[in-house]
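J.: Listed below, chain by chain, are the residues.
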Amino acid sequence: MSSAATVHSLWMTAADAPKRIPAPHIEYGQLSPVLIVLGAAVLGILVDAFLPRRLRHPAQLMVALVGLAAAFAAVVALAAGGYATDKAHPAAMGAVAVDGPALFLQGTVLLVALVAAFTFGERRLDPAAHGRPVDSFAAQPAAVPGGEAERAAVKAGWTTTEVFPLMLFAVAGMLVFPAANDLLTLFVALEVFSLPLYVLCALARRQRLLSQEAAVKYFLLGAFASAILLFGIALLYGYAGTVTYSGIADVVNGTVRTVDPVLAQTMGNDALLLIGGAMVLMGLLFKVGAVPFHMWTPDVYQGAPTPVTGFMAAATKVAAFGALLRLLYVVLPGMRWDWRPVMWGVAIVTMLFGAVVAVTQTDVKRLLAYSSVAHAGFILTGVVATRPEGISSVMFYLAAYSFVTLGAFAVVTLVRDAGGEATQLSKWAGLGRRSPLVAAVFAVFLLAFAGIPLTSGFAGKFAVFKAAAQGGAVPLVIVGVVSSAIAAFFYIRVIVLMFFNAPEEGGPSVAVPSLLTSTAIGVGVVVTVVLGVAPQYFLNLAGQAGVFVR
Amino acid sequence: MNPVNYLYLSALLFTIGGVGVLIRRNAIVVFMCVELMLNACNLAFVTFSRMHGNLDGQIFAFFTMMVAAAEVVIGLAIIVSVFRARRSASVDDASLLKL
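Read top to bottom, the protein sequences are chains A and B.
The first sequence maps to residues 3 to 552 in this note's numbering.
The second sequence maps to residues -18 to 80 in this note's numbering.
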């Protein structure tokens, strides 16, 4: 076999003089957002290793906030330098794309993480234990729940300050994920952001058994999904003989320049392409939380510490939809007649299932989880548009949705009773009479989820449905509007529950947050209203950024 | 030997791992089945690498091993902490989170 001889020649040149291997050319400046976040994460680990305990929390919070803000500034500088438009190109030997969608989604992830870091740092909600302030995370996650070691850790006032470096590592993975320009980078970025999230899910201070259970479920299902994604990558590599997006796209389109006999043989094998593409899509749809790969969503959203849930729900969706868009629009546009019907089906099932099942929920966090499933369906209608408007509308929707989600989960952390957060929906009855401001803010977020005009949810839904209709997916839009109506029912039901039902005796009270959570909720409300009232500027921004580089 | 045979073996291993994830009850065994799936992927990578005569697949296999190692660290930490709290690693016992 001739190809076998070429392989052997790869490691049988030792007798000759060693060849000079050219050093890879890395554009550090253009990768600076990722590098800054990773640097801050490493610094956070050093802080945890060397600083005394009482200084760790403020130091970690400061490192995280400064790192995320600096990375966002770097993204803005790159975009202002024209890397989103005419200077867009694949950087780092073609491994990472620096282009409009990548920079827009990286900016969104960084802003989301910045706001989420505020909720991570909140220490005013729980009453102080033994005179020391406590946050949402376990005193000593390795200790057995309810055991002696845990009591000692609580008494000593320990807190898990490692959450900040873990979050920063996850953010770094999420920055690379939508920018990945070959399948190897895609897979590594997926794991880099998933593994810290599995750990973060297990760290709740209250109801630790639930939290650990959520982490196990998320971990096992997530590892299963990434194994499926990996086998899909292997098959695509077998089909095209390369893992770069542009190389695979060339082979799919049949525009590849040199065809050796082996490539001609594998290129003719459509099973490799179809099964491989389907398996990679499955892995991404799992991260997105689309039906039928949504099983983990309600359990993990309910069990994880609420600040983590908010971060995960918002940022993971942004990153995963970015990667999904790039895969479908850059790698597989040549086979869109194969994947479009499948994605149609997934979008329809996801919208209807999420909306219908959410109606029966009795827990606020589970309700928001099923609502996030329904929203994944709405975003998928924009993805199947296969038009430039599809890309920009999906990016706008993601930016709008992520801030609504963050704000909603931040409000959930405020409503508390003796056992911690009161997430039972029945306990929220009459909240509007007890604390009108918090209930009104939550109502704004629910209206945005429902897509009522003058909120960002309406602008986002309008944009994706318009793109889908222009792309010839009118039936999808009809299903989307119907499921929006179903979804509106349960959002409105919660509003009615809060404002028009009498409060229960001994119901939960609303904790007064520190400036951190107040800022997070305030940012959520401002973004929701601004993107709802004046969406045009941001739609234009997403439109300008909506061109992938190859 | 025809390299395609290794692909059949890899698909078989992947299927065994996938079925194991779906039917086994012990979290550790489920996790071992996931590892079997990752190894099946590695076999496919190196086989395709040999067929195509480039090194991308072999390099991918190294990255897969590294990721699998990281996954073991995270996964065992989570599973062991659950086992210490409940004295059980069965995925059926972990059923507090329900509608």
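Note that these hints are calculated values from the structure, not bench results.
These numbers come from a predicted model, not from an experiment.
Think of the CB as a built atom: it goes at the ideal place given N, C-alpha and C, for glycine as much as any other residue.
Among the clues, some could well be false.
[As the list claims (entries may be wrong)] Per the computed footprint, the stretches of chain B lying under chain A, defined by three or more beta-carbons under 8 Å from a beta-carbon of chain A, are:
#1 -13 to 0
#2 4 to 12
#3 17 to 27
#4 38 to 52
#5 64 to 75
J.: The segment 64 to 75 of chain B covered by chain A? Criterion: 3 or more residues, Cβ-Cβ distance below 8 Å.
T.: Coverage by chain A holds here, the residue count being 5 at a Cβ distance below 8 Å.
J.: Take the segment 17 to 27 of chain B, compare each residue's beta carbon with every beta carbon of chain A, and decide whether three or more fall closer than 8 Å.
T.: holds (count 6)
J.: With a C-beta cutoff of 8 Å, work out whether three or more residues of the segment 4 to 12 of chain B approach chain A closely enough for the coverage to hold.
T.: As far as the segment 4 to 12 of chain B goes, the hint holds, because 3 residues have Cβ atoms under 8 Å from chain A.
J.: For the segment 38 to 52 of chain B, count the residues whose Cβ lies under 8 Å from any Cβ of chain A; is that count three or more?
T.: holds (count 8)
J.: Mind taking a look at whether chain A covers the segment -13 to 0 of chain B? Criterion is 3 or more residues with CB to CB distance under 8 Å.
T.: The restraint on the segment -13 to 0 of chain B holds, since 5 of its residues have a Cβ under 8 Å from chain A and three suffice.
Comparing the model with each earlier hint shows no violations; every hint is respected.
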